[in-house]
Amino acid sequence: MHPIGVEYEEYMVALAVNKIQDPHQKAIGIKKWEKETGKDFPWGFPDAGSLLLESGDWENAVNSMASLFKKQQN
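Here full-length UniProt numbering is used: the first residue of the sequence shown is 1, the next is one more, and so on.
Hints should not be assumed to be uniformly reliable.
What the hints assert, rightly or not - In silico lysine-lysine, PhoX-like type, Cα no more than 20 Å apart, as pairs: (1) K32 - K19; (2) K19 - K35; (3) K39 - K26.
FYI, nobody ran anything at the bench for these hints, they're computed from the structure.
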């Protein structure tokens, strides 16, 4: 277990996602990581919805933000 509370393999994948320069691809990587691990992404990046919004992917941005809102409600 890595000190940030994720398994080593999950941490290595998160590091790779962190290095992605394209905001749209990074947002997709973050959402995929969160879906596969069932955890919030371990670093304080802008949430994936914001990244998708910046890249013009409106439909996925709205869905991502709705998902985040539901998590915060629970």
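Hint-by-hint comparison with the structure:
no.	hint	in the structure
1	K32 - K19	holds, 15 Å
2	K19 - K35	holds, 19 Å
3	K39 - K26	holds, 16 Å
The structure fails none of the hints (numbered hints given earlier).
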